[in-house]
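*Asks:* Construct the entire structure; sequences and hints are all you get.
Residue numbers (our numbering), protein chains in the order written: chain A, 722 to 987; chain B, 16 to 348.
Simulated from the structure, these hints should not be mistaken for laboratory data.
None of these values were measured; they are calculated from a predicted model.
We put the beta carbon where it would ideally sit given N, CA and C, even for glycine.
Accuracy of the hints is not assured; some may be wrong.
[To be verified] Listed next, with one range per pair, are the computed distances between beta-carbon atoms:
1) B:G239 / A:G967: 25 to 31 Å
2) B:G239 / A:S739: 27 to 33 Å
3) A:N817 / B:D314: 36 to 42 Å
[Stated by the list, open to error] As a list, the in silico DMTMM-like pairs of lysine to aspartate or glutamate whose alpha-carbon atoms are at most 25 Å apart:
4) A:K976 / B:D330
5) B:K333 / A:D888
6) B:K332 / A:E971
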Amino acid sequence: MHSIVCVKEIPDPETPASAFAIDPTAKRAIPAKDKPPVTSPFDEQAVEAALRIKDAKGGKVTVISMGAPSAEKILKHALSMGADEAFLLNDPAFDNSDSTSTAYVLAQAIKKIGQFDFVFCGRQAGDFDAGQVGSGIAEFLGIPSVTLAKKIEVQDGKARVERAFPDGFEVVEVSMPVLITVSNELGEPRYAPLKGIMAAAKKKVPVWNTQEIGADASKVGAAGAKTNMLKLYIPVRESKCEVIGGENEEEMAIKLALKLREVKLI
Amino acid sequence: MSDNKGVMVVGECADGALASITCELLGIGRKLADNIGEQLSVALLGEKVSGAAKDAVAFGADKVYVVESPMLKDYVTDAYVNAMENLCKEAKPNILLMGQTPMGRDLAPRLAVRLGTGATLDCLDLKIDPQTKLMVMVKPVYGGNALAEVVCEKTRPQIATVRAKCMEPLPRNDSKQGEIVTFDPKLDAAKIRAKFVERVKEKVEGVKLEDAGIIICGGRGMGGPDNFAPLKELAKMLGGAVGATRPPCDNGWVPATLQIGLTGKIVCPNLYVAVAVSGASQHLSGCSGAKNIVAINKDPEANIFKVARYGIVGDYKKVLPPLANKIKELIAG
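*Replies:* Printed below as a string of structure tokens:
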């Protein structure tokens, strides 16, 4: 089995709201000083999904990322978790991509890599939360897609996928090759063992640009984008909290109950 | 693209009736359609959905496309994308709206690429720019820390999915007239590569979180599974539901299905009582739709107080028993 996993480097989503800042002109977040960028959490789970297939059926795992040169770090992280090879897609022409042009670039890179059984993506990136790139890649590749997976098994040449739903799950059987987006219900990604970290440090990560993936320049980056962000802003939340005071917790609790009754919330 | 006209909603039915998200989409769809002076239509896809067509008219649709096929019985990506591709090529909508549901979030991005246009998912608000007449889609990004306003300028339809409970449905109007037409989706079974096997529902005690008017939510500060008991009691007393932030779910104190937040459930209750919840942004993005938040937390600097209407700075273990007693007394009296 050959799985290709798409990963994205994002500002650490655990950055506290108080340290979160944006550049309204560039329309992106300013990374907090003491918080280095990380692999988008759902993408780390996508790597885990691919490694579980490799554990069960053998084969290899290839990881790709479209991003800045610094994204080599998250590709190395995937290698240290157990992936076999990695490619970085980097070209100034990829700047200001939307979901469509991102999906196109990743699909072109996947075509260049060649034969595969699975493509895995996170269900959405932890920065823009667009949730579209996976399905878009599948459409560009002309292969089926299953989103929001929490469990994937290979049976009789088909993939049996459990999709996480708000009130349970759904089971779908699909032919391969297939693109699957992974949800957090899949479970925790594995830690990178020290041996893996050392092996990954020695591996080279080739970098591919527009020409090297055979992409049409009019379909990448801003040129290929179908949507356009007009504005990015932090919503103003006026702090209007009425703090219920009192001598002790009991008094506060009683005053709160009376208040909630007064404003008809209970 | 100039001949693309009208706002179309992709409807969803549950047990033959129109889903609440579809009524909400018809509400916002009506506003958008009236603003640009175009028609509002709804596409109902399924095996047998014609029964819901009149309801769709009563909730605001001018036209209903009944798209029936045995292949549309359960949601399967290829079948729904192919059916909507054929319908969009025929009806040529200017704007296409779906719910941010398991269906909408799967269908919208794939259909957008198929039709050569763009989509924006999980919108909280939709409006028409007075100058350009484009639909401006407002969506949360960076885990709800920021909002983005997005447009789809050059291609049609402009596709958006909308989060549940963000839009008001119109009051039902049974005297409203509308056209109901059937549309043959011309599906080819050979082009449907996935098969729906089954749907497994997990049992929920009491009220579902998404439907609850009152939610009592416990955070990391709860410290363990036993401490959730008074929360459950309070919720039961108020006819509400219990939820949790990520740490109690990750630690196995409560089932993962109770998680509220970016990676859990998105809730919009009238009253949200956050007990020992710090207010991490990924959690707030799941409960920011709550109309009234009450925070009980030891730490006066906790982020949750920034979004709360009422707060108590104190130990929840000392607050909850007298609070429950007093509430019991008040609702009994």
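*Asks:* Provide an ascending list of the numbers of those earlier hints which the structure does not satisfy.
*Replies:* Checked against the structure, the only hint that fails is number 5, while the rest are satisfied.
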